[in-house]
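Colleague: These protein sequence lines are chains D and Z, in that order. With my numbering, the residue at position 87 of the first sequence is 87, and numbering never jumps. With my numbering, the residue at position 139 of the second sequence is 139, and numbering never jumps.
Honestly, the hints are just simulated from the structure, not real lab data. Computed from a predicted model, the values in this text were never measured in an experiment. Mixed in with the good hints, there may be bad ones.
Stated by the list, open to error - Which bits of chain Z does chain D cover? Going by a derived footprint, with three or more residues having C-beta under 8 Å, they are:
#1 86–98
#2 254–267
#3 302–311
We put the beta carbon where it would ideally sit given N, CA and C, even for glycine.
Okay, here's what each chain looks like letter by letter:
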Amino acid sequence: MLENRQLMKRLFPELFARYDVLPVDSYTAQLYDMLAALSPRSGDRPEIAVLTPGVYNSAYFEHSYLAQQMGAYLVEGSDLVVLDDDCVYMKTIEGLTRLDVIYRRVDDDFIDPEVFRADSTLGVSGLMRAWKAGKVGIANAPGSGVADDKVVYAYVPQMIEYYLGEKAILPNVPSYLCMHQEDCDYVLANLDKLVVKPANESGGYGMLIGPKSTAEEQATFARLIRENPRNYMAQPTLSLSTVPTLCDGVIEPRHVDLRPFILQSKDINVTRGGLTRVALRRGSLVVNSSQGGGSKDTWIVQGVI
Amino acid sequence: MLARVAESLYWMARYLERAEDTARLINATTMLLMDMPRGASFGWEDLLKVVGLAEPFHKLYDEASESAVMSFLIQDERNPSSIFACVRHARENTRTFREVLPRESWEWVNELYLYTSTHKSSALDRRKRMEVLTEIIRRRQAVVGLLSGTMSRDEAFQFMRIGRNVERADMTSRVLDVSYAVNLPLRGSQAVLNLNQADLVWMSVLHALSAHQMYRRHVGVHAKGYKVIHYLLNDPQFPRSVRHCLVELQASLAELPGEGAQQPVILLLRELDTVDGRKLAESGLHAFCDRIQAGLAELSVAIAHTYFSAAYSDALTQKQFSLT
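Let's have the full structure, built from the sequences with the hints guiding it.
Modeller: In structure tokens, the structure reads:
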């Protein structure tokens with residue numbers, strides 16, 4: 001999002017003079033404030049670090065960029081240690097320095113070999129102990145990955161009602177959960193019309209796009225669903241919007257979706273921009289970057305002059 | 001600052017300095033060989049001795065021919081001190097601490113790497129060599145200039161300055177020591193050399209360290225042994241003299257927390273105070289340079305112990321450190 005905006009400013013400076021495009025630069029400052037609010041100690045400048053799996057991770061550039069923009073440390077698991085006092089320390093040139101907040105970009109499974117996967121070298125032994133004792137702030141909180149479970153999505157309108165006593169403003173995409181017998185029967189009978197998604201995959205992998213699938217693929221998914229119904233959900237194929245996209249020198253329509261950036265701690269901040277992801281293959285609905293999707297700068301315009 | 005990052009910064013600067021120094025040394029040697037009287041003993045084998053790589057070279061190659069030595073020093077990745085290996089290491093290190101450097105640094109280091117990678121084999125050819133190596137030096141200098149003009153004199157900056165000066169002092173003391181030694185046979189047959197050629201021996205040492213121009217400007221046009229020795233060891237203004245490097249090191253260390261690495265620098269400076277160029281030119285230069293090298297080795301250990309050791313230990317207890 002931030003890089004896209006930089007590039008657009010370099011390439012089309014005249015557009016920014018004509019439209020009142022709201023800036024997105026404040027994202028990193030808001031991210032910093034959000035992380036600082038998680039600090040267990042009071043003080044003006046808590047020690048904040050971005051925990052990365054390291055240079056071989058595909059998002060390493062982003063981790064490094066965010067640390068740079070926030071003036072935070074970029075640490076790997078081996079740079080941290082949890083001592084008997086349950087505090088987390090960084091190994092610095094002055095010895096050990098206490099760390100207050102970790103923005104972690106390491107998955108739950110790997111975050112603490114003491115509690116989760118014992119063979120993990122990416123995590124920090126004792127991190128969960130420190131978190132439990134309230135000696136360190138962690139964002140996102142361990143366990144929040146449950147929200148990535150696509151089955152959870154179907155319950156969002158109910159959550160809104162339960163916690164806020166309000167009806168959802170935006171309707172959900174109709175979702176069929178294969179763990180319910182009735183839904184499951186419907187999905188199996190309509191595999192050629194639906195998009196079937198596994199509950200716990202990301203990056204657009206392991207999906208069946210019904211209208212574009214072969215009988216063979218449908219048979220495979222029918223078997224997978226019967227074997228493990230909890231792991232699958234289905235939705236009608238959405239007609240994602242298209243935007244004009246430059247493809248090999250020609251402008252053609254391509255499907256896009258929008259990923260907003262929302263930061264929540266004491267306050268909630270919705271960044272006035274976002275990441276528009278675009279499926280670069282003609283007709284494709286798969287926008288994920290790990291499968292060759294691109295991205296576009298996204299503007300929220302105050303008013304046209 | 002993280003101990004791991006500090007160590008990477010230190011080594012990144014050492015690698016880049018080594019790559020540039022080696023490029024300068026090769027350029028100077030290539031030029032020098034064209035001036036040497038036929039039958040003079042200085043050859044490619046001696047260049048290997050100067051950079052301290054004769055032994056690893058002979059494990060990989062049979063004969064110290066020009067093409068073999070150039071390949072070994074410029075592009076061979078089996079030689080961790082080859083220009084290409086140094087640039088590649090520096091680039092790999094830079095990847096791991098992009099957040100502490102100004103944003104363009106990574107791009108420029110990467111461009112240095114890409115240039116070196118595509119042009120390294122054309123540097124083997126004498127006709128192209130000067131051009132390619134000079135471009136490598138220029139691109140490395142661009143990185144130095146970028147950092148100098150845009151980076152706060154923070155801890156990250158100091159660790160790079162320390163790496164650069166440790167490497168540079170090491171190179172100067174080694175070139176002085178070994179060039180002098182390998183030039184001895186030439187000196188022995190001074191009868192066949194005219195005056196200019198006797199100058200040439202010491203001028204070659206100055207050339208190897210890109211010191212000839214400043215020497216001429218500040219000391220004189222004739223390269224007298226004792227003056228050259230004094231200049232390269234003790235000149236307070238020339239950026240490659242051992243003294244200048246040590247003073248830079250002292251200034252950087254003073255900016256950092258902890259005092260463990262300051263004593264070795266003080267000892268080295270005291271050693272330099274005792275230098276009598278005329279005496280060393282007669283005898284004892286080798287032993288003296290040995291002491292400097294040993295002192296620099298001690299300094300490296302002290303730096304690692306003082307600043308990088310936290311990165312390697314999980315058994316640290318709180319009591320060992322004053323916490324901030």
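Colleague: Does the structure break any of the earlier hints, and which numbers would those be?
Modeller: none
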